[in-house]
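Here's the letter readout for the chains.
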Amino acid sequence: MTEYLLILVSTILVNNFVLVQFLGLCPFMGVSGKLETAMGMSLATTFVLTLSSVCSYLAYTYLLEPLNLAFLKTITFILVIAVVVQFTEMVVRKTSPLLYRVLGIFLPLITTNCAVLGVALLNLNRNNNFVESLLYGFGAALGFSLVLIFFAAMRERIAVSDVPVAFRGAAIGMVTAGLMALAFLGFTGLVSV
Amino acid sequence: MWTNIIIAVAVLLGLAAVFGALLGFAAERFKVEGNPLVDQIDALLPQTQCGQCGFPGCRPYAEAINNGEAINKCPPGGEATINALADLLDVEPQPLDAEHGAAQAKRVAVIREDECIGCTKCIQACPVDAILGAAKHMHTVIESECTGCDLCVEPCPVDCIDMIVIEPDIRSWTWAPPVELDKAPNEVPNATDARVIATDSQTETREASLL
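Protein chains in written order, with my numbering: chain A, 1 to 193; chain S, 1 to 211.
Mixed in with the good hints there might be a few duds.
[What the hints assert, rightly or not] Below 20 Å or equal to it, Euclidean Cα-Cα: the simulated SDA-like pairs (lysine to any residue) are: (1) K34/A / L13/S; (2) K73/A / L13/S; (3) K34/A / V91/S.
Everything labelled a hint here was simulated from the structure, so no lab data went into it. These numbers were taken from a predicted model, which means no experiment stands behind them.
From just these sequences and the hints, can you work out the full model?
As structure tokens, then:
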């Protein structure tokens, strides 16, 4: 039980995928302009990350490994991720047309969010079992959501404050992200998973 | 060697086929009928069908907005409609585009009946079928149906249609919305500025010197 909790703490805070491992920076910078959009993106990414982590684990363990096809893992994972993203897109389009419109191109772009492929590959490196893969994917998604929502909230406040001209827009965003990453370094050594 | 390659290709093809079938099923299961967002936009438009936005009615304009058209082209709706649309679509409200006409008080068309020659031209022009009459007989406007869109004024050969402003009476009078109370139109260039309650940004002069 403790180890599962440690996996969650590790992926959310200590080895945060965005700020410590620098995966998934594209949606982190791209969809953080508005809090509501960031929340929608977080939900969609959480769904995709968890599901694709489990699916790629299953595909690897029960299909590739018994057939000695481990060299096909990357292309198989990409296939799995693409399917999960397509599925998510259909569900979002049906359930929330407005979110579908707001997320726009970023929804299909979850496919190329390297955090998603990163989780699938790191699962293999860490020899995670089924439950661990599930938690690892879910924890990574929670960490991503946490950071994305914090960052979006900060950018909303930055948007109305008096930023020097040279720093306006993406520049101050990058500086803020860097400071956040420094802050997250403070969690290093909290758990060693 | 060759068997390995064939197995690899077969496995990938098999996976792709299974996933394709799954997606095909999901596409049927989660099919979206029409476009629900267009319905929501259409419900916010004033349904005058006046065409001042450049589209042949409110529904076509709603579809155009859904495809990225500007939301400030509806003079009959005025600022209230623009703000409601901005809320729905999560975009910044903009001032009304003057090119498409100014917001006006609610008006209604009235035919001076003794001058009407019964040409039926205004009947054909009316987008909401609010004009009654037959050829060579006097026409009249059903006041409750008229949206005040002006489209019948132009075709009338004897200019017997007047647009009468409806003065608010004791039943239809309301307070003016607070946004319109404290500013003349065009006084505040950016509608969002008016809504910021507090900000730590400095005065205009400092902004200007930095720029």
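Evaluated hints:
1. Proposed proximity of K34/A and L13/S is contradicted: the alpha carbons are some 41 Å apart, above 20 Å.
2. Note on K73/A and L13/S: the hinted pairing holds, with a Cα-Cα distance of about 14 Å set against a maximum of 20 Å.
3. For the hint pairing K34/A with V91/S, the CA-to-CA distance comes to about 10 Å; that is within 20 Å, so the pair holds.
The earlier numbered hint that this structure contradicts is number 1, and it is the only one.
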